[in-house]
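Q: Sequence:
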Amino acid sequence: MWDGGSDAVENVSRVLLGVGENESTVVDSEGICESDINFDRALPGLHKYLGDDFVEVGGRTIFEPGTETRMFAFYRSGVILVPGQSLPLIAYGPYESKLLRRVNREKLPLIFLPGCLDHLSALDDLIGFVGTSADLMAIRFPDDEEDHTTHAIFVGRQRFLIKKMTRDES
Numbered sequence: 099m100w101d102g103g104s105d106a107v108e109n110v111s112r113v114l115l116g117v118g119e120n121e122s123t124v125v126d127s128e129g130i131c132e133s134d135i136n137f138d139r140a141l142p143g144l145h146k147y148l149g150d151d152f153v154e155v156g157g158r159t160i161f162e163p164g165t166e167t168r169m170f171a172f173y174r175s176g177v178i179l180v181p182g183q184s185l186p187l188i189a190y191g192p193y194e195s196k197l198l199r200r201v202n203r204e205k206l207p208l209i210f211l212p213g214c215l216d217h218l219s220a221l222d223d224l225i226g227f228v229g230t231s232a233d234l235m236a237i238r239f240p241d242d243e244e245d246h247t248t249h250a251i252f253v254g255r256q257r258f259l260i261k262k263m264t265r266d267e268s
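Residue numbers (our numbering): 99 to 268.
Hints may contain errors.
[To be verified] Derived Cβ-Cβ restraints for the label pairs, each shown as a range:
| no. | residue 1 | residue 2 | range |
| --- | --- | --- | --- |
| 1 | R203 | R265 | 19 to 29 angstroms |
| 2 | K261 | P240 | 34 to 44 angstroms |
| 3 | G213 | T167 | 16 to 26 angstroms |
| 4 | R174 | K262 | 17 to 27 angstroms |
| 5 | D241 | R168 | 24 to 34 angstroms |
| 6 | K196 | G176 | 18 to 28 angstroms |
| 7 | K262 | D241 | 36 to 46 angstroms |
| 8 | T264 | V228 | 16 to 26 angstroms |
| 9 | D241 | T165 | 37 to 47 angstroms |
| 10 | R174 | L206 | 14 to 24 angstroms |
| 11 | G226 | P181 | 12 to 22 angstroms |
[As the list claims (entries may be wrong)] Cut-off 30 angstroms, straight-line C-alpha distance, at most; resulting in silico cross-link-like pairs (BS3-like, lysine-lysine):
| no. | residue 1 | residue 2 |
| --- | --- | --- |
| 12 | K196 | K261 |
| 13 | K205 | K262 |
| 14 | K205 | K261 |
| 15 | K262 | K196 |
Quick caveat, the hints were computed from the structure, so don't treat them as lab data. We put the CB at the ideal spot given by N, CA and C, even for glycine.
Produce the entire structure from the sequences given, and follow the hints as far as they go.
A: Have a look at this one:
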């Protein structure tokens with residue numbers, strides 16, 4: 099008869115499964131095996147899937163509370179950047195590639211607009227929302243022969259209340 103002892107609790111929370119003839123894997127109480135993980139756990143944090151030939155640019159821009167500033171803005175539907183979060187970014191089209199090159203050349207921060215709207219019909223739709231400033235940490239430009247796009251890694255820094263938005267066509 100089971101008495102509910104402490105070794106019974108240990109048997110419930112950890113199960114030993116036979117995987118191969120000489121292999122065994124420990125499964126935790128949530129049912130995830132070490133053998134179920136078939137990818138490099140460090141890969142997403144380092145964004146190595148974007149390529150190895152990134153140029154580290156680094157930097158940090160801090161704004162004083164209550165100040166108003168002008169920044170280039172970037173919008174992606176469904177993406178909301180929070181301070182401290184790293185964000186890999188692939189430029190879609192020549193306009194976005196040109197913007198990333200300008201941000202890199204002029205060492206400017208970028209503001210990521212909140213991606214809470216499915217379709218951004220007008221810039222005024224984002225007035226009153228909160229965006230996040232981001233610093234460019236690394237960038238990869240394609241070679242002239244390559245057919246690839248520009249890749250960049252940004253890190254979220256500060257939250258901003260959006261008061262006014264204008265479009266710059268240059």
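Q: Are any of the numbered hints broken by this structure? If so, which, sorted upward?
A: The structure breaks none of the hints.
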